[in-house]
Amino acid sequence: MRIAAFLPELLRHLFKKPATVDYPFQKLAVPKDFRGTPYLRPELCIVCKACERDCPAEAIEITDVDPAEKRFKMIIHNDRCIHCAQCVDSCPTTPKAMQIDSLYEIATDDRHKLKAEWVFARAVMKPKASAPAAPAAPAA
Amino acid sequence: MSFQIPIGPQHPALKEPISLRMTVEGEVITDADIRLGYNHRGLEKLAEERTWIQNIYLTERICGICSHSHATCYVQGVEKLMELTPPRRGLYIRYLVSELERVHSHLLWLGVAGHEAGFDSFFMYTWRDREIVMDLLEMISGNRVHYAINTLGGVRRDLDEGQKSKILEGVATLRKRSEYYFRIGATEPSFVARIAGVGMLSKERAIALCAVGPVLRASGVARDVRKEDPCAVYDELDFNIGTADSCDVLGRVVVRVKELLESYKMIEQMVKGLPDGDIVAKAPRKAKPGETVSRYEAPRGENIHYIQANGSDKPERLKVRAPTLANYPATVEMLRKGFIADIPLIFAAIDPCICCAERTVTLVSARSGEESVVRMSDLRRRALARSGNAPVKGNAVWPF
Chain V
1 MRIAAFLPEL LRHLFKKPAT VDYPFQKLAV PKDFRGTPYL RPELCIVCKA
51 CERDCPAEAI EITDVDPAEK RFKMIIHNDR CIHCAQCVDS CPTTPKAMQI
101 DSLYEIATDD RHKLKAEWVF ARAVMKPKAS APAAPAAPAA
Chain Z
1 MSFQIPIGPQ HPALKEPISL RMTVEGEVIT DADIRLGYNH RGLEKLAEER
51 TWIQNIYLTE RICGICSHSH ATCYVQGVEK LMELTPPRRG LYIRYLVSEL
101 ERVHSHLLWL GVAGHEAGFD SFFMYTWRDR EIVMDLLEMI SGNRVHYAIN
151 TLGGVRRDLD EGQKSKILEG VATLRKRSEY YFRIGATEPS FVARIAGVGM
201 LSKERAIALC AVGPVLRASG VARDVRKEDP CAVYDELDFN IGTADSCDVL
251 GRVVVRVKEL LESYKMIEQM VKGLPDGDIV AKAPRKAKPG ETVSRYEAPR
301 GENIHYIQAN GSDKPERLKV RAPTLANYPA TVEMLRKGFI ADIPLIFAAI
351 DPCICCAERT VTLVSARSGE ESVVRMSDLR RRALARSGNA PVKGNAVWPF
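Chains as they are written, first to last, in the numbering used here: chain V, 1 to 140; chain Z, 1 to 400.
Please note: incorrect hints may appear among the correct ones.
As the list claims (entries may be wrong) - Covered, in the sense of this in silico footprint (three residues per stretch, anywhere, with C-beta under 8 Å from a C-beta of chain V), are these stretches of chain Z:
| hint | region |
| --- | --- |
| 1 | 3-10 |
| 2 | 139-151 |
As the list claims (entries may be wrong) - With a straight-line cut-off of 25 Å between C-alpha atoms, the simulated SDA-like cross-links for lysine to any residue are:
| hint | chain 1 | residue 1 | chain 2 | residue 2 |
| --- | --- | --- | --- | --- |
| 3 | Z | K282 | V | K27 |
| 4 | V | K27 | Z | W127 |
| 5 | V | K49 | Z | A281 |
| 6 | Z | K80 | Z | G311 |
| 7 | Z | K176 | Z | R144 |
| 8 | Z | K45 | Z | Y306 |
| 9 | V | K17 | Z | K286 |
| 10 | Z | K286 | Z | E316 |
| 11 | Z | K45 | V | A57 |
| 12 | V | K32 | Z | K286 |
No lab work stands behind these hints, which were simulated from the structure alone.
Backbone N, C-alpha and C define an ideal beta-carbon position, used for all residues, glycine too.
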């Protein structure tokens, strides 16, 4: 037993630089697998709706715009998104139509500003890429 | 003359809402009563309306500290139902994250214990060191708190050589720091005097009240799901169960520091012996009808998920028994004969996670207005007695 056994450690830390960084001026690097905000590459989307079905937060919404021309609208409600990146895992196309970025400062003062929207024509799978995941239930 | 002191649902000593009612005589607590239900979220009902995949992220959000524990427990159970065998590499990465999470949870708890005992510099240093393991988890999975590394049939992120060497480096630093804390715990007289003899729970009572995790092991019972019912990779690893015989808060500190050192050992073994191959096997969308119980040793104790499948892509029932819930009866026992000033310390020593545990049923007797918190086993016994007496339904049809 020794009185103030912690004291040498405390004194040593007087001469160390702080463990924190000066945040708004200095930023930490984001890890390689960071899950930021999901976004769509409309030219690759085959509208299989796998992302809409698997999203745990029901943040993805795909609707018909013009069934005759096979035009669709996708809305990602980023205010609901829990950033799990399951949509990226579920996406069957190669390269993936659903992607995730590495932005982390996405706060706004209004949740409606977080909505992202794409109107696009359904992509047709190229014959060589269609082998593993054949058109999985295209939208009626 | 005895008084009743209410603590909570909102109280500076409690981080989450729970109500403790102490009956005191002078400074000594003669009786304690715990009231739950301030944080009920309807999670189990919600799980019945989500698919197997969606529920991974839901169960992960049961708790913020042991998020991986709940997700792993759930995924283990669903894999059993789907008769799915994840590849070895996937399992190694999954349980590597488990052990890293245990390290972060125990370091956090050590800080909280130091804070409750009035040793705030200890709290700040353990939390600074916890950043090392948080950074490792962020590097492996991409995020700090909800790792989302589990998926049905394996994991979602792979490890490369650079990450492996960073993990080993981080663990070496952490081991040095933990050994230092162990030494501080043993030599700092004021800290030891504050926590020794507080919150006594004898071995017999700990077993009788079904305590779990470090609370049970601090009462001298070497019980650990990782050793007794080794799932997946734990039977290939060399580790010991950390126990203490002092039956008090000091013992719980010692057990957690010992577990830290065991976890470092396991992490090193897993990183060095990481097998090659795939990290994930393809999972079906539906599970066959059946039921399973999945057990997992979370940092706070044994975590149990009961999963029932009805053949569709959604579970019929998901029941979560979080370790904190199992420790409540023991907490009441620990609080008795203690002092009012020890309440935060004793309560913190079970590492309570209220939001995990909020799924009991409180029964209010209509005649006397008396409330009683009922355990699942009691409810089941009552249900069995009730169905035994009920008339046989001749025209009931199996719905599936």
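Now the hints, each set against the structure:
1. Note: the region 3-10 of chain Z has 0 residues with beta-carbon separation from chain V under 8 Å; the three-residue rule is not met and the coverage is violated.
2. Residues of the region 139-151 of chain Z lying with their CB closer than 8 Å to a CB of chain V number 8, which satisfies the three-residue condition for coverage.
3. Restraint check for K282 (chain Z) and K27 (chain V): not satisfied, since their Cα atoms lie roughly 38 Å apart, outside the 25 Å limit.
4. Straight-line distance between C-alpha atoms of K27 (chain V) and W127 (chain Z) comes to about 21 Å, which keeps the hinted pair within the 25 Å bound.
5. Distance check on the hinted pair: K49 (chain V) and A281 (chain Z) sit about 22 Å apart at the alpha-carbon level, within 25 Å; holds.
6. Restraint check: the Cα-Cα separation between K80 (chain Z) and G311 (chain Z) comes to about 14 Å, which is no more than 25 Å; the hinted pair holds.
7. Restraint check for K176 (chain Z) and R144 (chain Z): satisfied, since their Cα atoms lie roughly 23 Å apart, inside the 25 Å limit.
8. The suggested pairing of K45 (chain Z) with Y306 (chain Z) holds, with an alpha-carbon distance near 13 Å, which does not exceed 25 Å.
9. With a C-alpha separation of about 54 Å, the suggested pairing of K17 (chain V) with K286 (chain Z) is violated against the 25 Å cut-off.
10. Restraint check for K286 (chain Z) and E316 (chain Z): satisfied, since their Cα atoms lie roughly 12 Å apart, inside the 25 Å limit.
11. In summary, the hint linking K45 (chain Z) to A57 (chain V) is supported, as the alpha carbons are separated by about 15 Å, within the 25 Å threshold.
12. For the given pair, K32 (chain V) sits about 32 Å from K286 (chain Z) by alpha-carbon distance, which is inconsistent with the 25 Å threshold.
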